[in-house]
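Visitor: Below are the chains, spelled out letter by letter.
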Amino acid sequence: MNIVIKNYNFLLIFEGNLNLETFHVGSVQEFKDRDKKVLILNDSEVGIFRMGKDFFAYENLCPHQGGPVCQGRLFSLVKENLDDNSKSHGRLYDENNLNIVCPWHGLEFDIRTGKHPGNPKIKLKSFPIKVDREEVYVTIK
Amino acid sequence: MQENMHNKKGFADWFIVDVDAHHVETVSWPEITSYIDDPVIRHQAEMYHAERVGTPPYGLNGDLGLRYQDVGGRIPHQSSQRENVESKDVHRDVILTQRAMHGLSLDYMVVFPTPMLFLGMHPQREMEVFLSRAYNRWLTQKILPADKGIVTLVVLPFNTPDAAVKMVEEYANVPGVIGFCVTSTRYKAVHDNEYMKLYKAIEETGKPIAFHAGYHWQDPSLATCNTFLGMHSLGFTWCNIVHMTNWVLNGIPERFPKLKSIWVESGLSWVPFLMQRLDDQYLMRQSEAPLLKKMPSEYMSSENFFYSCQPMEKSNMKALECTFEMINAKNQLLYSSDWPHFDFDTPNVIYDLPFLDEQSKKNILGLNAAKLFNLDINK
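Those sequence lines, one after another, are chains A and U.
Quick note on this note's numbering: the first sequence kicks off at 1 and runs consecutively.
Quick note on this note's numbering: the second sequence kicks off at 142 and runs consecutively.
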């Protein structure tokens with residue numbers, strides 16, 4: 001596969017033979033942990049997210065109003081810090097859960113599930129992604 | 142009121158509960174203030190009532206002469222209940238309440254005070270404690286024992302949380318007490334940490350907490366209204382809109398999953414507005430309400446949220462039907478009259494709705510309340 005990658009700020013564009021459904025999008029070490037890249041694969045803009053050994057791929061289209069959700073910032077999930085008496089002591093970050101935040105309206109989506117934390121019916125469209133011998137592949141359906 | 146009308150329509154023998162009616166406690170105010178615990182304050186009240194003339198009832202705050210509910214004498218039943226009460230066997234308020242219950246074909250009537258609805262704005266925080274305690278003692282000792290159909294939601298001195306908890310503990314098992322009431326007109330955040338022990342205590346009783354709306358013409362924004370009509374229309378919804386917003390967004394339903402709340406005397410049209418408004422904003426700012434596990438509207442239509450219907454806005458029947466659907470009215474709506482206030486509703490407002498089936502009408506008029514308050518439907 002002859003692929004040229006151009007980096008236009010945050011959006012990486014693949015050029016080459018893109019008729020295949022499954023794309024090699026790089027090797028594992030090219031992805032920083034708790035980070036992402038956004039690629040154009042065929043006609044789809046796809047966000048590739050890494051959480052430790054796990055990879056996730058979502059369409060770069062917010063289900064809210066169509067914003068470029070995968071080009072947003074990553075934030076840990078916010079939790080309320082309640083004590084045993086249900087009193088609040090402010091908020092905390094839950095470092096075990098990372099959300100991508102749509103830059104248009106702030107909707108947050110769990111990187112692992114693609115779902116909005118307060119409304120699981122609102123979720124990102126996911127794509128199959130796998131790691132094979134340290135290489136990462138995404139299948140666009 | 143015409144009981145005959147109910148017989149003709151066929152619901153005179155239905156089980157009907159009015160979850161929000163009123164009496165005018167200030168008619169009995171010297172009697173009520175004699176129940177004040179504090180001997181000095183009680184004595185002050187006695188002296189005040191014995192010696193001052195032409196003044197409002199002792200210790201009560203409020204809006205003095207700005208009570209234009211009667212529209213300049215056009216609607217007389219709130220300003221002066223002119224009915225004769227000759228019996229001396231029971232308290233005057235028992236007779237008046239029983240007459241209203243008969244007229245409305247009620248099995249139970251929840252009675253609330255009227256001028257005391259302003260107590261949350263009292264400049265002396267402790268006075269809310271003194272007066273609400275005195276009122277609750279008087280009501281449960283002098284009024285409720287006379288008729289099992291007359292019940293109450295005990296008024297809580299919400300501005301003093303420790304005293305409110307004490308009130309819950311003291312009255313949780315008193316006959317005729319079916320829940321607890323916060324008068325909504327006040328500048329207190331219902332999600333403040335100091336209220337968690339109160340909600341826990343109420344949750345443990347299994348009885349609901351009610352937020353009874355009121356108006357406050359001195360509120361700076363409402364003070365721009367030049368008519369009672371405008372101020373009253375907004376005021377009775379605004380306080381509960383604020384409290385509901387804080388209640389839901391701060392996850393009180395998640396912290397106290399068995400605590401049931403009732404939103405009283407704000408009508409219904411504010412609910413779909415707030416549902417849509419909070420849902421819209423919540424999706425974009427979820428990190429500010431991290432305790433929520435579902436949409437604000439889903440909490441507001443859940444099994445722990447109840448609404449009283451009066452004054453039921455019905456000029457647009459399609460909007461009302463949509464509202465019923467949004468709040469799951471069949472299970473969550475409670476009939477209320479607000480008698481004897483100027484905008485009272487009879488059971489007809491529910492019975493005559495063209496989009497309700499008979500079971501829904503029976504639920505709303507009484508069976509939902511029976512379930513919520515554990516009332517005897519064979520009474």
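Think of the hints as simulated: they come from the structure by calculation, not from any bench.
Some clues are possibly wrong.
To be verified - The calculated lysine-lysine pairs, modelled on DSSO-like cross-linking and capped at a C-alpha distance of 27 Å, are: (1) Lys229/U x Lys87/A; (2) Lys115/A x Lys434/U; (3) Lys502/U x Lys399/U; (4) Lys329/U x Lys87/A; (5) Lys79/A x Lys329/U; (6) Lys79/A x Lys434/U; (7) Lys329/U x Lys341/U; (8) Lys341/U x Lys79/A; (9) Lys130/A x Lys115/A; (10) Lys87/A x Lys338/U; (11) Lys121/A x Lys471/U; (12) Lys125/A x Lys289/U; (13) Lys79/A x Lys399/U; (14) Lys87/A x Lys502/U; (15) Lys87/A x Lys434/U; (16) Lys123/A x Lys53/A; (17) Lys79/A x Lys502/U; (18) Lys435/U x Lys87/A; (19) Lys502/U x Lys329/U; (20) Lys229/U x Lys307/U; (21) Lys87/A x Lys471/U; (22) Lys434/U x Lys121/A; (23) Lys502/U x Lys123/A; (24) Lys471/U x Lys115/A; (25) Lys435/U x Lys125/A; (26) Lys32/A x Lys87/A; (27) Lys399/U x Lys471/U; (28) Lys79/A x Lys338/U; (29) Lys434/U x Lys123/A; (30) Lys399/U x Lys121/A; (31) Lys435/U x Lys121/A.
Since the model is a prediction, treat every value here as computed from it, not as a measurement.
Visitor: Next pair to validate is Lys399/U with Lys121/A; report whether the Cα-Cα distance is within 27 Å.
Guide: holds, 25 Å
Visitor: Between Lys32/A and Lys87/A, is the straight-line Cα distance small enough, at 27 Å or below?
Guide: violated, 38 Å
Visitor: Check the hint pairing Lys434/U with Lys123/A against an upper bound of 27 Å on the C-alpha distance.
Guide: Between Lys434/U and Lys123/A the Cα gap is close to 15 Å, so the pair holds against 27 Å.
Visitor: Would you mind confirming whether the straight-line C-alpha gap from Lys79/A to Lys338/U stays at or under 27 Å?
Guide: holds, 21 Å
Visitor: Taking only the CA atoms, is the gap from Lys87/A to Lys338/U under or equal to 27 Å?
Guide: Cα-Cα ~9 Å, so holds.
Visitor: Given the hinted pair Lys130/A and Lys115/A, is their Cα-Cα distance within 27 Å?
Guide: holds, 20 Å
Visitor: Holds or violated: are the alpha carbons of Lys121/A and Lys471/U at most 27 Å from each other?
Guide: Holds, because 25 Å separates the two Cα atoms, which is no more than 27 Å.
Visitor: Between Lys502/U and Lys123/A, does the CA-CA distance stay at or below 27 Å?
Guide: violated, 39 Å
Visitor: Verify the proposed pairing of Lys87/A with Lys434/U, using a straight-line Cα cut of 27 Å.
Guide: holds, 18 Å
Visitor: Would you check the hint for Lys434/U and Lys121/A, treating anything up to 27 Å between C-alpha atoms as holding?
Guide: At roughly 12 Å apart (the allowed maximum being 27 Å), Lys121/A and Lys434/U satisfy the hint.
Visitor: Hinted pair, alpha-carbon criterion (27 Å max): Lys329/U, Lys341/U. Please report holds or violated.
Guide: holds, 18 Å
Visitor: For Lys79/A and Lys502/U, compute the direct alpha-carbon distance and say whether it is at most 27 Å.
Guide: Answer violated: Lys79/A to Lys502/U is near 42 Å, above 27 Å.
Violated hints, listed in ascending order, are 1, 12, 14, 17, 19, 20, 21, 23, 24, 26; each of the other numbered hints is respected by the structure.
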